[in-house]
Amino acid sequence: MTTAPAPAVGQSLARPRAKRLVTGRGRYTGDIAAKRALQVAFFRSPHPHARIKSIDVSAARALKGVVLVATGADVAKHCKGFAGIHRLFKGMKAAEQWPLAFDRACWQGEPVVAVAAETRAIAEDALDLIEVDWEPLEGLGTPEKAIAGGTVLHESLGDNIGYDGTTASGDVEAALAGAAVVIEDTFRFGRHTGVCLEPRSILAAYDPSDDSLVVHESHQCPAQQQAIFADLMGLPEHRVRVVCPDVGGAFGIKQQLYGDELATCIVSKMTGRPAIFIADRVESFASDIHAREHVVKGQMAFAPDGRILGLTVDDLFAVGAYSNYPRSSIGEASHVAALTGGPYRIPAYRARVRMIYQNKPPVGHYRAVGHPIACAVAEQLLDRGARALGLDPIAVRRINQVPDGTASHKSHSGFMLNGLTVEACLGKLLAGFDMAAFRREQQDARKRGLLLGLGIANFVEFTGTGAPYYGESGAPVTAQESCLARLEPSGHVRCLTGTTDQGQGTDTAVGQAIADAIGVSFDDVEVISGDSAGPVGGGAWASRGASSGIEAAVRAGRALRDEILRLAGLILQRKPEQMMLAGGLLCDAASGAELITLREVATIAHYRQHLLPPGTQPELSMTRSFVPQSQSFITTNGVQLSVVSVDPGLGDVRLLRHRVAHDSGTVINPMLLDEQIRGGVVQGLGAALFEEIHYSEDAVLGTGSLMDYLLPLATEIPDIEVAHLATPDPGTSIGAKGAGEAGTAGAAAAVLNAVNDALAPMGAHISTLPITPERVLAAIAAASSSHDTKPGLQG
Amino acid sequence: MSGPSFDEPEVTIELTVNGATVTRRVSTRRHLSDFLRDDLGLTGTHIGCEHGVCGACTVRYDGEIARSCLILAAQTDGSTVETVEGLSDSGEIEALQQAFLARNALQCGFCTPGMLVTAADLLRSVPKPSRDEVRDAISANYCRCTGYHAIVDAIMAASEKLAVKS
Ligand code: FES
Ligand code: FES
Numbered sequence: 003m004t005t006a007p008a009p010a011v012g013q014s015l016a017r018p019r020a021k022r023l024v025t026g027r028g029r030y031t032g033d034i035a036a037k038r039a040l041q042v043a044f045f046r047s048p049h050p051h052a053r054i055k056s057i058d059v060s061a062a063r064a065l066k067g068v069v070l071v072a073t074g075a076d077v078a079k080h081c082k083g084f085a086g087i088h089r090l091f092k093g094m095k096a097a098e099q100w101p102l103a104f105d106r107a108c109w110q111g112e113p114v115v116a117v118a119a120e121t122r123a124i125a126e127d128a129l130d131l132i133e134v135d136w137e138p139l140e141g142l143g144t145p146e147k148a149i150a151g152g153t154v155l156h157e158s159l160g161d162n163i164g165y166d167g168t169t170a171s172g173d174v175e176a177a178l179a180g181a182a183v184v185i186e187d188t189f190r191f192g193r194h195t196g197v198c199l200e201p202r203s204i205l206a207a208y209d210p211s212d213d214s215l216v217v218h219e220s221h222q223c224p225a226q227q228q229a230i231f232a233d234l235m236g237l238p239e240h241r242v243r244v245v246c247p248d249v250g251g252a253f254g255i256k257q258q259l260y261g262d263e264l265a266t267c268i269v270s271k272m273t274g275r276p277a278i279f280i281a282d283r284v285e286s287f288a289s290d291i292h293a294r295e296h297v298v299k300g301q302m303a304f305a306p307d308g309r310i311l312g313l314t315v316d317d318l319f320a321v322g323a324y325s326n327y328p329r330s331s332i333g334e335a336s337h338v339a340a341l342t343g344g345p346y347r348i349p350a351y352r353a354r355v356r357m358i359y360q361n362k363p364p365v366g367h368y369r370a371v372g373h374p375i376a377c378a379v380a381e382q383l384l385d386r387g388a389r390a391l392g393l394d395p396i397a398v399r400r401i402n403q404v405p406d407g408t409a410s411h412k413s414h415s416g417f418m419l420n421g422l423t424v425e426a427c428l429g430k431l432l433a434g435f436d437m438a439a440f441r442r443e444q445q446d447a448r449k450r451g452l453l454l455g456l457g458i459a460n461f462v463e464f465t466g467t468g469a470p471y472y473g474e475s476g477a478p479v480t481a482q483e484s485c486l487a488r489l490e491p492s493g494h495v496r497c498l499t500g501t502t503d504q505g506q507g508t509d510t511a512v513g514q515a516i517a518d519a520i521g522v523s524f525d526d527v528e529v530i531s532g533d534s535a536g537p538v539g540g541g542a543w544a545s546r547g548a549s550s551g552i553e554a555a556v557r558a559g560r561a562l563r564d565e566i567l568r569l570a571g572l573i574l575q576r577k578p579e580q581m582m583l584a585g586g587l588l589c590d591a592a593s594g595a596e597l598i599t600l601r602e603v604a605t606i607a608h609y610r611q612h613l614l615p616p617g618t619q620p621e622l623s624m625t626r627s628f629v630p631q632s633q634s635f636i637t638t639n640g641v642q643l644s645v646v647s648v649d650p651g652l653g654d655v656r657l658l659r660h661r662v663a664h665d666s667g668t669v670i671n672p673m674l675l676d677e678q679i680r681g682g683v684v685q686g687l688g689a690a691l692f693e694e695i696h697y698s699e700d701a702v703l704g705t706g707s708l709m710d711y712l713l714p715l716a717t718e719i720p721d722i723e724v725a726h727l728a729t730p731d732p733g734t735s736i737g738a739k740g741a742g743e744a745g746t747a748g749a750a751a752a753v754l755n756a757v758n759d760a761l762a763p764m765g766a767h768i769s770t771l772p773i774t775p776e777r778v779l780a781a782i783a784a785a786s787s788s789h790d791t792k793p794g795l796q797g
Numbered sequence: 002m003s004g005p006s007f008d009e010p011e012v013t014i015e016l017t018v019n020g021a022t023v024t025r026r027v028s029t030r031r032h033l034s035d036f037l038r039d040d041l042g043l044t045g046t047h048i049g050c051e052h053g054v055c056g057a058c059t060v061r062y063d064g065e066i067a068r069s070c071l072i073l074a075a076q077t078d079g080s081t082v083e084t085v086e087g088l089s090d091s092g093e094i095e096a097l098q099q100a101f102l103a104r105n106a107l108q109c110g111f112c113t114p115g116m117l118v119t120a121a122d123l124l125r126s127v128p129k130p131s132r133d134e135v136r137d138a139i140s141a142n143y144c145r146c147t148g149y150h151a152i153v154d155a156i157m158a159a160s161e162k163l164a165v166k167s
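Top line first, the protein sequences correspond to chains A and B.
Heads up, the first sequence is in this note's numbering, so the first residue is 3 and it goes up one at a time.
Heads up, the second sequence is in this note's numbering, so the first residue is 2 and it goes up one at a time.
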């Protein structure tokens, strides 16, 4: 008689893959050796915007050790152009792109010429020998400049507005007119990027003998890349294979097609040799996708008791020179329209979003796409409304929140937000936090000339994207996940999943879920991911591994378990439903008595089929898939709290505490979940205080290294306190929701609110992220000069 | 891979890497990080910036931690270099490795070798550090994934375990 082992789901298990990584045995793309591989380097545009009058590559070609020098026109002979249109957004305009620029460069850092050489050093030497005759054109460095009616970046589009759309509900003009208080402000968000510690890397190996292409790529979406390389290069798709080995951070930066990566595949095709491109840090800043350059005008109208009567948002979203391929660049702005004020009942709403082209690298889907913008705008307007009305900001949140458990709440932006737990999360966040004591401390500190502030930020989150969003887009992006579970002759299980893992621990979570679904121990399951030749799936994006990826694994695991029970029933001449499989043993379901080991069943099924009844065909590999077919997103919510001190003399902000409460649905691995939240928070804290890619008005890049692009360091970040709610999502058998983006979604807003709480006694406030010392000092200076003219405005 | 040389000036170096003597001809402009990765196949040393800021390339160089992307291979003649592979094989960083695993103090793992080499250096000089001392010691090693909290926990746990042992 055996007792069933504890389920793996719910345990803080360590990640098997991490064992390799802590011993220096990781296999990142740059670690993979390929015989006869060429090193590729790119000549990039030094100008934000310039016509290419001529290119002279003869000296570069003549350099010893250089094998190929390919211009944009050379490379374009081997592929099609591409444009980042998302057909769900009617009227979207996007210009065609090519791997390398050939008549015009549209951002500083755009790749222009590819050089392939025996060593990277020689390839870089050759770059210095390339002569381009440029005719510089006007550079558009801000969205305001881009819509001012001057230079049109892509003449075929008519203007620089790639998309202009409005979402509305209720009578927002009446709400504004009838309000006791209307808070209005313009918020600016600095352009930043993911800064994966492993830069983008690709090793492409084309084989002319069978027209096949095998690519190792530091990427999140192998199946998507297979489809894109095959389509754009005109290769038979079944002979294109993309493998994503260990990936050194991705965060949405490694989710799209990059011209230089496609060009590397083409270099391999042109030379018949493997080709390696690894971006250096400077070219990462100049060519990785960027994110978050928004200028948002917001208005929030309040009744005297703090009820929100209406909200307007006008988002100028500066996406760069092109719309990103294949997903387009609209995601952030569409999420701003969909999610601003999401946690609240708002009777009247209008959101206009415009996607603006300018001379910078394309914007893509960096972690928490648009959420931080939506959250910061709404939560800061709400705080300012509460302050103007003399009400407690937490009380104002409470009277406006969507009530917990509302099964089908249709938001003011027209999205179904199901089963939100805004109040429960707020309760968790505040439990054990002595708010009264903090307010006393804040008062005391003020007397000593110290500014302390506390900020809270609620957010609603879109996770686990379903079929409609990309189904309508026209892009080769699938919301479907697949998993193959295979019984080895020894009784171990090998599982191949279409979802991918860049450190989140998705492989581990899949292993936990499938171990339980089959009835084996976690240690007896091996999970393999990141190969487009395996089961097809979307890969990692939009916090979908825990929902869609795991549901596919559970279904494959259950199918394999059913087959094992069927075979065991035939061997033992018992009914399958009278048996169970647990811990690798088949037992009598009623008594728990051990009947046969899984190993014995597997051995017979693999090697001794003659022992089975005639006509029995064992099926030892089971593939199952899952797609959230009708809903666009699994929605969830969370709340964050930040405590800061502000030095009014130096403008310095110090993070003192940061708390998060988040509803992650069923928790599969508490430790990995906490670390997803913490990692996400700290990226949001970077956005709040440090990270900004500077460009001049003419779009000249000012931040090209880690010396001038500031990232959060260990000494600047406090411990992050995390609590969870676990409200299962009804759409899957386990009920996990996404969590990878929650931390980033709300962290910057909480800090912004905290800083403004600290500055309130001085009548100052900040509406621009990141909150740099200069901006703090400028806000204080602006407040003191306006006090001189408008006494009594102090909030 | 020691690729074709193409008339670049070269020197011969002899040094000790992870306890073994290594003799190679290297281009005078080759960085130690590239030498370790490409000439010796020690790919545990990672390259995150090549300008001395991120700490991913940290190795132990003549007993002190150093950024291998800022050192030329040519200047390492006669020196002793230890990488994450060597410190793993010798067992020196085992307590740290176990603590990193148990606490999930790594996600993508790209910063991890540099972080471990740096943490080992801290624990050699300060066996019982405070949390702030740990944060200070790793403040020049960037981690983009974890937000540092778990790394600090893991280094603290390793220091406690080592204290019990000794
Ligand atoms: S690679 Fe040497 S410090 Fe970044
Ligand atoms: S674990 Fe990814 S950078 Fe530290």
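Please keep in mind that the hints were generated in silico from the structure rather than gathered at the bench.
It cannot be assumed that every hint is accurate.
Stated by the list, open to error - Straight-line distance between alpha carbons at most 35 Å, and here's what the computed DSBU-like set of lysine-lysine pairs gives: (1) Lys21/A x Lys129/B; (2) Lys430/A x Lys95/A; (3) Lys95/A x Lys79/A; (4) Lys129/B x Lys162/B; (5) Lys92/A x Lys82/A; (6) Lys79/A x Lys92/A; (7) Lys430/A x Lys166/B; (8) Lys21/A x Lys37/A; (9) Lys162/B x Lys95/A; (10) Lys92/A x Lys430/A; (11) Lys162/B x Lys21/A.
Unchecked claim - Heads up, incomplete: computed chain A residues facing chain B, CB under 7 Å, no partners named: (12) Gly26; (13) Gly28; (14) Ala85; (15) Asp282; (16) Arg283; (17) Gly505; (18) Glu677; (19) Val684; (20) Ser698; (21) Leu712; (22) Ile719.
Built from N, CA and C at the ideal position, the CB exists for glycine as well.
Agreement of Lys92/A and Lys430/A with the hint, judged by alpha carbon distance not exceeding 35 Å: violated (41 Å)
Given hint Ser698/A near chain B, where the shortest CB pair must fall under 7 Å: Violated, because the Cβ-Cβ distance from Ser698/A to chain B comes to roughly 22 Å (cut-off 7 Å).
Are the Cα positions of Lys21/A and Lys129/B separated by 35 Å at most? Given pair Lys21/A, Lys129/B holds - Cα atoms ~25 Å apart, limit 35 Å.
Hint validation: Ala85/A versus chain B, beta carbon distance must be below 7 Å. Holds or violated? Constraint on Ala85/A not satisfied, violated at 31 Å.
For the pair supplied as a hint, Lys92/A and Lys82/A, is the alpha-carbon distance within the 35 Å limit? Within the cut-off at roughly 24 Å; holds.
Need the status of pair Lys95/A, Lys79/A: alpha-carbon distance at most 35 Å? holds (25 Å)
Are the Cα atoms of Lys129/B and Lys162/B separated by 35 Å or less? holds (10 Å)
Given hint Ile719/A near chain B, where the shortest CB pair must fall under 7 Å: Hint holds; Ile719/A Cβ to chain B Cβ min 6 Å, cut 7 Å.
Sort out whether Lys92/A lies within 35 Å of Lys79/A, counting only the CA atoms. The hint holds at about 32 Å.
Any CB of chain B closer than 7 Å to the CB of Gly28/A? Holds - the Cβ of Gly28/A comes within 7 Å of chain B, reaching about 5 Å at its closest.
Can you verify the interface hint for Asp282/A: is its Cβ closer than 7 Å to any Cβ in chain B? holds (6 Å)
Holds or violated: Gly505/A as interface residue toward chain B, Cβ cutoff 7 Å? holds (3 Å)
In this structure, the hints that do not hold are numbers 2, 7, 9, 10, 14, 20 and 21, in rising order.
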